[in-house]
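Model the full assembly from the supplied sequences, consistent with the hints where possible.
If you're matching them up, the sequences are chains L and D in order.
Each residue of the first sequence is one higher than the one before, counting from 32 in our numbering.
Each residue of the second sequence is one higher than the one before, counting from -18 in our numbering.
Do not take every clue at face value.
With a straight-line cut-off of 27 Å between C-alpha atoms, the simulated DSSO-like cross-links for lysine-lysine are [unchecked claim]:
#1 D:Lys7 <-> L:Lys65
#2 L:Lys65 <-> L:Lys42
#3 D:Lys7 <-> L:Lys42
#4 D:Lys4 <-> L:Lys65
#5 D:Lys4 <-> L:Lys42
Worth flagging that the hints you see were computed from the coordinates, not collected in a lab.
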Amino acid sequence: MDRALDRMARKLTRAWVERYTLGLPASVRDLRRKVIESDLFEHCADAQRDDDPHRFVAGELLHRLILGIPNDLGWRLEILRSLPNGANQWRISIMNISARTMRWIAACALLAGATMIGARLIQILSGSEGSPAGAIALPVAILAITGVLGLYAQNRDTNKCSAVGLVLMLLGDGPA
Amino acid sequence: MLEAAIRLRQRGTNEFHGYALAKILKNSGNHRRLTAQGTLYRALHRLEAAGLVESFWEDSPEAEREGRPRRRMYRLTMQAEGALAGARDPENSPPKKLNLKLET
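Structure below.
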């Protein structure tokens, strides 16, 4: 079980590194990917040497992955900013997520979460046996509509792809 | 982070890889956030850009012999030693390059 979790954590880390290095110059991209691959190996080898049955390697790997995400994105931005003006500049603009956009996304997520909890509470209190999908559909719809409207407004105001661009980057914006 | 590198050198490790540094930072307790891969390698990248650290790939044969990926090795430069000495000595003000923001 633990081994499977370790493998999953390693896969997640690799997948994330591949995403945030997409579109960077090949030398920088390959260097970062190899460095992280080596780091993952050293971490797991260290855990094996430790031979501590209580050591939760997958948790350690995920902890290191998640806490580093803001700096991964910051590093990517630094690299892009250091490139000469030209084809890569649009990639910089998509990373410039304004505080307003972030607030909007957070508000949408909170609204959806609160609606979901409310819907579930009503379901429990009324004793109805409705399907869980029914309880989720409404908040998801609210999130989708408010989120899209908000991002549309943001993009119109700032003429930037902001958060949409970030999502595109995470989904893959071109060949590695 | 530089102090962690110094600690490694005091143990006889002049050249270190990222995970070795992360382990030192983790054991030091206060700097667990710095062990995150994104934070660690961004900080090393900045230190390298500031000329305080230099990096290179280790030789392939050694990695092949041990059956592992090649390590990216780092070592402190003379400039880093000077900067650290300056930072510890109140008579000498630390160079501004040391005021790098390494944590978010």
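Hint check results:
1. With a C-alpha separation of about 22 Å, the suggested pair Lys7 (chain D) and Lys65 (chain L) falls inside the 27 Å cut-off, and the hint holds.
2. Of the pairs offered as hints, the one joining Lys65 (chain L) and Lys42 (chain L) holds, with about 14 Å between alpha carbons and a cut-off of 27 Å not exceeded.
3. Proximity of Lys7 (chain D) to Lys42 (chain L) is assessed by CA-CA distance (about 23 Å); at most 27 Å being required, the pair is judged to hold.
4. Restraint check for Lys4 (chain D) and Lys65 (chain L): satisfied, since their Cα atoms lie roughly 19 Å apart, inside the 27 Å limit.
5. Distance check on the hinted pair: Lys4 (chain D) and Lys42 (chain L) sit about 21 Å apart at the alpha-carbon level, within 27 Å; holds.
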